[in-house]
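2 protein chains.
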Amino acid sequence: MAVSSSLVKVSAASTWEGGVKTRNVIRNFPEFYMDEPEQLGGTDTAPNPMEYVVAALNGCKGVMIPMIAGELNFSFTGIRFETSGYIDPRGLMGEEGVSPHFKKVKFNVYIQTDETDERLEQLKSQVEKRCPVFNLLKDAGVDLEVQWHKE
Amino acid sequence: MAVSSSLVKVSAASTWEGGVKTRNVIRNFPEFYMDEPEQLGGTDTAPNPMEYVVAALNGCKGVMIPMIAGELNFSFTGIRFETSGYIDPRGLMGEEGVSPHFKKVKFNVYIQTDETDERLEQLKSQVEKRCPVFNLLKDAGVDLEVQWHKE
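Residue numbers (numbering that gives the first Met the number 0), protein chains in the order written: chain D, 0 to 150; chain G, 0 to 150.
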């Protein structure tokens with residue numbers, strides 16, 4: 000497939016630093032590291048890659064909610080996100096029939112708003128339809144347990 | 000579904016910081032931020048969420064390659080990764096029939112090794128079968144263009 004110039008391109012360059020640690024660079028931003036806890040074979044100096052993926056789900060919602068709220072004239076004053084992913088380690092150890100990625104993801108949004116439940120549902124529906132990281136997990140068949148809470 | 004205690008849990012907590020920016024916390028590690036470039040509505044103070052996802056692919060390979068190389072007694076002295084993902088922005092703008100996440104991901108591994116091509120293929124095959132982030136993209140139906148280079 001030829002990649003169209005109208006597509007948005009996102010890139011990262013990384014270097015193995017020994018053990019299971021990597022040094023990661025995105026554009027001109029400061030480098031950051033990934034590692035694993037000791038029980039997963041690392042030296043626990045930085046978050047691991049799948050932790051960055053659940054953080055990216057939060058961050059992606061933190062883009063899409065304000066953007067779509069703007070379109071819907073939906074008012075809010077704050078948002079917090081808490082996400083946990085659950086991985087069956089037998090998958091990454093190579094056991095047949097066990098997915099190496101998320102068995103389940105629990106995703107909680109806490110939004111400070113005086114809007115009605117109906118309006119909140121409208122926002123949630125649009126965000127879930129259009130959020131890149133959310134749909135990546137959804138399309139991968141991950142069991143997503145999503146809860147939005149008004150505060 | 001009840002989540003078994005034998006599953007590995009990965010979590011992130013995030014707070015919206017105004018605009019499309021989030022402050023993200025993983026365990027006891029230093030906070031880090033996500034934002035968007037100005038043309039995508041942000042203030043360009045940090046990488047965006049999908050950039051973290053492509054970095055996580057690199058980081059995940061940086062765990063799985065050393066781990067599986069150890070199992071296979073495969074020797075190498077260095078690894079670099081370069082990943083680019085391509086997103087059609089019409090998807091996240093809500094256009095029907097356009098995926099909001101990756102249309103394509105180009106993933107390059109540069110590995111310093113004197114092992115044979117056959118042994119490298121054996122390593123690659125195991126890594127692709129077991130790498131969590133790689134399989135998340137694969138299961139989501141992303142067009143993955145993967146190249147491993149011996150250096």
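These are computed hints drawn from the structure, not numbers from a lab. Heads up, some of the hints might be wrong.
List time: in silico DSS-like cross-link candidates among lysine-lysine, alpha-carbon distance up to 25 Å [to be verified]:
#1 D:K102 / G:K149
#2 D:K103 / D:K8
#3 G:K128 / G:K102
#4 G:K128 / D:K123
#5 G:K8 / D:K103
Please read all numbers here as calculations on a predicted model, not as lab measurements.
These are the hints, each one checked on the structure:
A C-alpha spacing of about 34 Å is found between D:K102 and G:K149, which places the hinted pair above 25 Å, so the restraint is violated. Among the hinted pairs, D:K103 with D:K8 is inconsistent with the structure: their alpha-carbon atoms are about 28 Å apart, more than 25 Å. For the hint linking G:K128 to G:K102, the alpha-carbon distance of about 21 Å falls within 25 Å, and the restraint holds. Between G:K128 and D:K123 the CA atoms are separated by roughly 34 Å; this puts the pair beyond 25 Å, and the hint is violated.
Restraint check: the Cα-Cα separation between G:K8 and D:K103 comes to about 10 Å, which is no more than 25 Å; the hinted pair holds.
Going down the numbered hints, you'll see the structure goes against 1, 2, 4, while the others check out.
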